[in-house]
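2 protein chains.
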Amino acid sequence: MVSDPTPSCEFVADVLAGRTRAVARLMTRAEAGTDECRPAMAEIYRHTGRAHVVGITGVPGCGKSSLVTAVTQAIRAEGRTVGVVAVDPSSPFTGGAILGDRIRMGDLVGDPGVFIRSMASRGALGGLARATLDAVDLLDAAGFDIVLIETVGVGQDEVDIVRVADTTVVVSAPGLGDDIQAIKAGVLEIADLHVVSKADRPDANKTVTELKQMLMLGLRDAASWRVPVIATSAETGEGIAELLAAIDKHRTHLSTDGNLADRKRRSAEARTLKIAEDLVRRHYAARRDAATDALIDQVSNRKLDPHSAARQLLGTLNSEITS
Amino acid sequence: MVSDPTPSCEFVADVLAGRTRAVARLMTRAEAGTDECRPAMAEIYRHTGRAHVVGITGVPGCGKSSLVTAVTQAIRAEGRTVGVVAVDPSSPFTGGAILGDRIRMGDLVGDPGVFIRSMASRGALGGLARATLDAVDLLDAAGFDIVLIETVGVGQDEVDIVRVADTTVVVSAPGLGDDIQAIKAGVLEIADLHVVSKADRPDANKTVTELKQMLMLGLRDAASWRVPVIATSAETGEGIAELLAAIDKHRTHLSTDGNLADRKRRSAEARTLKIAEDLVRRHYAARRDAATDALIDQVSNRKLDPHSAARQLLGTLNSEITS
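Order-wise, the sequence lines are chains A and B. Position one of the first sequence corresponds to residue 0 (numbering that gives the first Met the number 0), numbered consecutively onward. Position one of the second sequence corresponds to residue 0 (numbering that gives the first Met the number 0), numbered consecutively onward.
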């Protein structure tokens, strides 16, 4: 099949030339999740892999957004360009109260070397992961030197997103207490760098010590990367230069160890599987007809178990998904 | 195909007769996730739908486990039977520190009218959801009057598990602060009942008021269920009888409104889709061969985009999944 140049495909050259207007337009289309922009995104993907993708994660209130702003300014001060994709949790109930954080980034507006996008999806989180990573691809292909992904570090979906990063920074605030630490347990092990934010607060040192002790317990083999714990203050600027240096050092470490290829492969695998799952869910939602309704009714009425129904459903959807 | 009676299938009759030893054995096999026990679990499923399934969720440290123990004792005092499935988060890093909570349930050991199971899966969370719901099915089919599912209320996977419940109880502890509230936003809307635990603490009233105000903002149509906020203390026993009465009242409400059928159907749909996703991931992991490795390599090397790879992967796996 010869593919005609679609409007989306026309944007591809503009994205590759670094035109942010085209980046923004294709990002919006990709976020909508329609198939129409797939050929363009497939082409974009082939031009990715150059940017240093950095995930920054932590519980709400840990000071992630202020940190991302400070790091972005530090990168710009060195003349490098930065794309930021911020994943804001939002529920039908709370209406995404955390979006206000974005306002603090106001002083970066108007700088062509910075591109900031908030993803405020209210739909399936699988879709959110896909949209987020499409946005990262666009910024990567457009030539941004560093792409920061900011996510709330709770839940498997957020962990899946962050796992795609080359370098993962986990942010802790001082004095959040044991309850929060337990929630965060799932993301602690994915940290390449730890940041203790709000270093101006008196209890910051205690949190730094606790994290260092925790890292001692979970120490990986000596040859591998030694995870640093860096205290920062977005307020005073303390630790920001050190953090940026550590982020750069981690990328160099990955390249020289040959671990970068490993990590890129793991990330490709995780992402492909996530999309495969997402395709099943999307095609089910798009199809829903008498046949699929009857299948779910059978499960609901205890005539058929959900495992057998799931197999049948995959068979039914597969011809559409793979066509 | 005539299916021979497998060892698993022999257990089915014992489970249906309420023999807890058979329940425990089949639960262990189902948790392993092998296909061998699928025919038995399919048969078990046909005998479910009688138990009142109650999800109890909240962040770590909110007092869920103590509450579950107190509610279990209250149900037993009325002569009804209770199954408990507790989902303990565990990571390779922390080694499931929260398992210790189970010890508090010690005084229920030896009572044949109570069955308690901790699911401490370290694998994929999709698999955890499946194993948890298989355990709920077994307890339901074995004739337990009420099945309590205790989960940590953060993350999409936990929400998915709780969504299968007829009645969902969200537990908040007093004074956990705004950060925690933001994390919990995702589960607040799924609450049929709110519990403020540790009612003996002076700041409990403030949390009750805050939750009531939040519910006013999100008020659903007047004809539907009015979500109560109940202050409890596992310590003093305050509010436990009231909570149990509200749980029973919610089930009656569902039955009389005809909403029970709706909810069972939504739950059947969510569960079938979750298993379909899980099948994709499991079959990928089981298959991994030169062909799938080459596919992931292409994605990793930017020769093929992950979306096209996901479609190809589904096509490759489908013949195995649906056979």
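Among the clues, some could well be false.
Pairs count within a copy or across copies, as identical chains cannot be separated in the list.
[What the hints assert, rightly or not] Here are the simulated DMTMM-like cross-link-like pairs (lysine to aspartate or glutamate), alpha carbons at most 20 Å apart as the crow flies: (1) Lys211 / Asp199; (2) Lys263 / Glu42; (3) Lys263 / Asp159; (4) Lys211 / Glu241; (5) Lys248 / Asp199; (6) Lys263 / Asp288; (7) Lys248 / Glu237; (8) Lys302 / Asp261; (9) Lys205 / Glu35; (10) Lys263 / Glu77; (11) Lys302 / Glu42; (12) Lys263 / Glu241; (13) Lys248 / Glu77; (14) Lys248 / Asp144; (15) Lys263 / Asp292; (16) Lys263 / Asp296; (17) Lys211 / Asp34; (18) Lys248 / Asp159.
I should point out that these hints are in silico values taken from the structure, not numbers from a laboratory. None of these values were measured; they are calculated from a predicted model.
These are the hints, each one checked on the structure:
Proximity of Lys211 to Asp199 under the C-alpha cut-off of 20 Å is restricted to the intra-copy arrangement: shortest distance 19 Å within a copy versus 36 Å between copies. In the homo-oligomer, the alpha carbons of Lys263 and Glu42 lie at most 20 Å apart inside one protomer (18 Å), although the nearest pairing across protomers, at 43 Å, exceeds that limit. Taking the shortest Cα distances, Lys263 and Asp159 sit within 20 Å of each other inside one copy (14 Å), while across copies they are farther apart (30 Å). Only within a single protomer do Lys211 and Glu241 lie at most 20 Å apart by alpha-carbon distance; the minimum there is 17 Å, versus 45 Å between protomers.
Proximity of Lys248 and Asp199 under a CA criterion of 20 Å is satisfied in neither setting, with 25 Å inside one chain copy and 51 Å between copies. Only between protomers do Lys263 and Asp288 lie at most 20 Å apart by alpha-carbon distance; the minimum there is 19 Å, versus 39 Å within a single protomer. Taking the shortest Cα distances, Lys248 and Glu237 sit within 20 Å of each other inside one copy (19 Å), while across copies they are farther apart (56 Å). In the homo-oligomer, the alpha carbons of Lys302 and Asp261 lie at most 20 Å apart only across protomers (16 Å), although the nearest pairing inside one protomer, at 46 Å, exceeds that limit.
Within a single copy, Lys205 and Glu35 get their C-alpha atoms no closer than 52 Å, and across copies no closer than 51 Å, so neither meets the 20 Å cut-off. Taking the closest pair of Cα atoms, Lys263 and Glu77 never come within 20 Å of each other, the shortest separation being 26 Å inside a single copy and 58 Å across copies. In the homo-oligomer, the alpha carbons of Lys302 and Glu42 lie at most 20 Å apart only across protomers (10 Å), although the nearest pairing inside one protomer, at 46 Å, exceeds that limit. In the homo-oligomer, the alpha carbons of Lys263 and Glu241 never lie at most 20 Å apart, since the shortest distance is 25 Å inside one protomer and 54 Å across protomers.
With identical chains, the CA atoms of Lys248 and Glu77 are at most 20 Å apart within one copy only, with a shortest distance of 15 Å there and 64 Å across copies. Taking the shortest Cα distances, Lys248 and Asp144 sit within 20 Å of each other inside one copy (15 Å), while across copies they are farther apart (59 Å). In this homomeric assembly, Lys263 and Asp292 come within 20 Å of each other (Cα to Cα) only across copies, at 14 Å, whereas the closest approach inside a single copy is 40 Å. Proximity of Lys263 to Asp296 under the C-alpha cut-off of 20 Å is restricted to the inter-copy arrangement: shortest distance 10 Å between copies versus 42 Å within a copy.
With identical chains, the CA atoms of Lys211 and Asp34 are never at most 20 Å apart, being 46 Å at best within one copy and 43 Å at best between copies. Taking the closest pair of Cα atoms, Lys248 and Asp159 never come within 20 Å of each other, the shortest separation being 23 Å inside a single copy and 39 Å across copies.
When the structure is compared with the earlier hints, violations turn up for hints 5, 9, 10, 12, 17 and 18 and for no others.
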